[in-house]
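Participant: Put together the whole structure using the sequences plus the hints.
Residue numbers (our numbering), protein chains in the order written: chain A, 316 to 661; chain B, 154 to 755.
There could be a bad hint or two in this list.
[To be verified] One-sided excerpt, in silico: chain B residues whose CB lies under 8 Å from chain A: (1) T399; (2) R453; (3) V455; (4) L592.
[What the hints assert, rightly or not] Capping the alpha-carbon separation at 20 Å, the derived lysine to any residue pairs in SDA-like fashion look like this: (5) K429/A / G200/B; (6) K429/A / L209/B; (7) K429/A / D373/A.
Hints are computed from structural coordinates only; laboratory data are not their basis.
Every residue gets a Cβ at the ideal spot worked out from N, C-alpha and C, and that includes glycine.
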Amino acid sequence: MVPVLAVDNEYLFGLIGKFLAREDAGPRHDYGHLGADPRAGILEPWRFPWVDAVYDPDDAAQAYNAVTFVHAAADRQPGHAVQVAGSFADLHTPLPLLPLADTHYATLTLRIRKGEVHHYRLRIDGVWQVDPINPQRMMLDNGVEWSRFFTWGATRRLVLERWESRLLQRLCSHILPFHTADGETFFKRVHDAQGPANRAPHAYRLDESAGAVNFIDKLLAREEAHHLVDYQICLELIDGLLRQRNPVIEPWKLPREVFAELYREMATASVAGWNYGRYGNPRYFLQLLRRHTLTGVFSHPRYGGNAMTLGWKYLEERYRDASGATLFDWGRAIEAPLGRNSAYRG
Amino acid sequence: MERFDVVIIGSGAGGAPIAARLARAGHSVLVLEKGPLLRTQEEHPLGVSDFKRDELFATGAEKRLTLSGVANHFDSFYSSHVEPDLNDEPHIYEGADGLDRATIEGYTAQVVGGGTQLYGAVSLRFSELDLRLGSFNAGRSDIVGDPNGDVRREARDWPIDYATLEPYYCEAERLVGINGTRANQGKPFSADHYQTPYAPNPISAYVATGMDALGLPRYRTPLAVITEDHAPSGRIVPAAAEAAKTGYVNRYGDPLGLKSNTWVALLRPLSGMANFTLRANCVVTHLEMAGDRISKVVYRDVAGRPVEVAGGLVVVACSAIESVRLLLLSGERDPAFAARLNGNGLLGRHFLTHCFGGAEAIMPGRFDKSVSLDSDWATDACASEDFIRSQGLWAGGAIYNNTSDQALPISLARTHGSQDMDTIWQTFVDDTALTGDALNAFFDANFGTRLSVSFMANQVPLFDNRIELHPSIRDKWGRRVAYIRKTWHSHDVHLMNVFAEQCRRILAFGGDGGKGQFPVSEFGAIYMAANARARIANHILGGMRFGSDAADSVLDPNCRAWQFDNLYVTDGAFMPTSGGANPTLTIQANALRVADQLLARL
Ligand SMILES: Cc1cc2nc3c(=O)[nH]c(=O)nc-3n(C[C@H](O)[C@H](O)[C@H](O)COP(=O)(O)OP(=O)(O)OC[C@H]3O[C@@H](n4cnc5c(N)ncnc54)[C@H](O)[C@@H]3O)c2cc1C
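Facilitator: The structure is reproduced here in structure tokens:
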């Protein structure tokens with residue numbers, strides 16, 4: 316049985332007011348589905364179901380999230396029967412969402428392990444359907460569409476194809492400093508020092524982008540889904556371009572200089588052989604990629620990047636005073652088990 | 154319809170002190186707050202705070218502007234988790250090119266506690282002179298950059314003097330919970346309620362050296378962060394040494410509640426009281442009147458349903474732009490309301506922020522700036538009458554250093570070359586050469602090495618600087634949004650140049666041990682920015698100034714709307730001049746003063 320967490324109305328109200336409450340349900344928001352899609356009428360629909368931290372004093376690993384499903388009745392009337400069933404529990408035993416005070420919202424907060432990807436459907440007044448709020452959807456093998464969500468630090472690939480993610484790994488790692496001479500030594504040493512047992516709960520493969528690709532995959536699955544199309548087109552163009560320039564070597568195996576040259580060309584927006592008809596501005600993609608990569612590698616690992624806090628550790632180790640003390644003691648502020656702050660719980 | 158002795162709209166600096174005072178005196182108080190109640194980890198049902206030490210909370214994922222009719226249509230924007238969304242509730246400003254743009258400027262935070270949840274917590278007092286700039290400038294002929302005599306014509310004295318406000322400053326400092334030092338401040342104190350500040354970040358020693366070399370008396374910047382247990386709010390400081398010094402300060406809510414926002418400092422202690430009600434996620438859409446009284450406060454509840462309540466007294470404290478807007482919208486529905494409130498046409502006029510800017514340099518050595526609060530040292534040297542006259546200025550200001558800015562890796566990148574929310578990420582994104590070795594070099598040069606010194610000074614009030622309702626753009630409730638129309642006066646430009654030079658000198662003398670030759674490449678002020686007309690520095694002031702002449706002000710000396718018996722406005726809107734320091738402590742002190750007036754009539 317997946318445990319139901321008790322939260323109060325104040326908490327639930329806070330998930331709703333800014334995002335869902337409104338008079339004008341017209342398409343004010345663009346997350347890649349502007350127009351008739353009702354999700355364009357919701358602010359940050361990707362926040363749903365809401366994935367939050369939950370503190371357990373008896374669990375040093377803090378291995379769980381609190382996931383809150385929210386249903387907003389389309390007719391704005393209370394009294395609808397809403398249930399959820401998903402891969403986080405027995406699919407045949409739907410769990411009821413409870414009415415939130417006297418409103419037309421119904422909610423349910425479950426304790427679900429971090430690092431997981433799940434699919435679910437809602438039964439609204441007896442009819443099974445995808446979650447009308449959550450933009451994340453996936454098709455199962457039997458052709459049925461489900462809603463999807465993932466918890467903190469999930470590493471399963473969601474929106475990028477395997478070859479895309481392999482090429483992207485090279486693209487990211489040449490943006491990051493780890494592929495400089497200094498960076499490479501650091502990276503190998505810290506990674507090896509982890510030892511297999513300590514390599515984070517959801518063992519990362521040796522990932523030279525320090526999780527940036529996983530971060531981008533999750534970002535494109537959720538907050539910045541509107542940019543998935545940029546990646547799909549540009550990765551295909553870059554793949555084709557590199558194959559054209561280096562017919563015998565797989566693009567993701569090409570030497571560093573090839574990527575440096577590619578970036579130089581993209582920066583000027585004039586890339587020999589680029590299909591401008593399909594994507595007008597290669598410079599824009601480089602800008603996007605740089606912002607995403609940097610954010611991925613230095614943000615909190617809960618977003619799926621900064622694997623094993625490698626990004627933070629890189630700075631911690633690189634910047635030291637004369638006595639050898641670090642000049643970026645990030646662990647001082649951050650919660651355990653990632654950091655070592657004794658008061659803050661994350 | 155529910156009735157309360159007092160209905161307060163907005164739970165930030167202007168609203169919360171009144172709620173606390175009146176509820177403690179036994180009156181029934183309702184606080185209506187548009188934003189959610191975000192809690193510290195101790196009070197939260199999940200045992201974790203809604204605020205996190207997470208760089209993506211301060212500036213989140215990219216969104217795109219879908220509003221039509223604005224010049225930045227389809228541009229990217231990024232906001233924190235508690236700022237209003239630009240597509241749902243934009244502020245629109247008129248740029249120098251005459252085109253309208255949506256901006257996040259002019260919002261503080263939409264959450265219980267308002268801007269005080271995110272603020273840097275710099276809690277300076279205004280100077281004695283700040284409250285009498287009308288008389289100080291009367292008859293002067295030495296004011297630089299003021300060919301038309303605007304300064305003399307527009308400067309106003311406040312209807313109260315510093316001596317009247319002073320006991321309330323003391324009370325605010327005691328109730329809110331502030332650390333700092335009093336010695337060397339240029340402002341008279343009758344009591345010292347400061348807690349002991351933490352040791353400054355070592356990088357701030359350059360500022361201390363620079364200020365000393367220039368003979369500028371310095372003091373530890375008062376910060377609304379508790380460093381010791383705080384009896385008035387019942388807060389306890391955890392055992393971990395200097396727990397609040399994390400670099401996650403400015404633009405971050407505090408998961409531990411050590412930052413003295415108005416929720417943890419003033420409202421949370423009222424939680425068990427039957428006569429105190431806080432309704433979060435409730436946006437007030439308009440007020441209605443009967444005769445000379447506000448008879449109804451109408452709001453939308455969390456489910457979007459309209460609800461009406463009545464208050465014997467009604468206090469508006471939505472932060473200045475939104476307060477002006479709320480009253481303009483109320484007037485739009487009822488011409489009699491508009492006529493009563495705005496008979497002299499001053500509603501929304503004399504809108505103010507601060508003249509602000511400063512200097513920044515890469516200092517010798519590297520420091521762990523992530524172990525810091527927002528600021529370490531401040532000086533009032535440039536608020537003295539001597540300094541002001543010697544530079545041909547109309548008013549003075551405060552100078553202090555920033556310690557926590559750019560302390561964390563993502564913030565270093567996204568604020569590289571940009572200081573405001575409208576242009577965040579832009580320079581980094583455009584600087585496409587920063588990859589691989591060049592990115593390494595960027596971090597080597599900038600991480601833990603940059604130090605900035607800022608000024609906050611009085612802006613000249615101008616009739617034409619104003620808040621209106623935008624003719625066409627509406628928010629998600631179908632209400633017309635605020636339209637910001639302002640520019641900088643030529644004297645503001647002179648004043649900012651003078652202050653920026655002072656900031657530069659502090660770093661120049663600080664960086665080389667007092668010789669004054671240290672190179673400071675970046676210094677300047679806000680008027681130089683491409684979006685200078687939008688920029689408000691989170692200090693949202695004026696628009697409903699108080700005064701002793703009903704023909705020349707919107708509010709009376711007690712912040713009551715002149716022609717209404719029971720309508721008060723106590724956020725930053727009441728200020729006739731913006732003061733030479735960050736405004737929040739003054740908003741809080743004035744709110745406590747108004748609360749005493751309200752108590753006398755209840
Ligand atoms: C990042 C940042 C840093 C800052 N740093 C400093 C600093 O170091 N020092 C300093 O002095 N100041 C600082 N400020 C400014 C400070 O936050 C404001 O001066 C202060 O909060 C203003 O008080 P107020 O009462 O006018 O508005 P607020 O404190 O913003 O309160 C207004 C409240 O009203 C609510 N509201 C608005 N409209 C409605 C409505 N229609 N119905 C119901 N509720 C409504 C809002 O949600 C908000 O909670 C900073 C601000 C920010 C954002």
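Participant: Going back to the hint list, which numbers does this structure go against?
Facilitator: none
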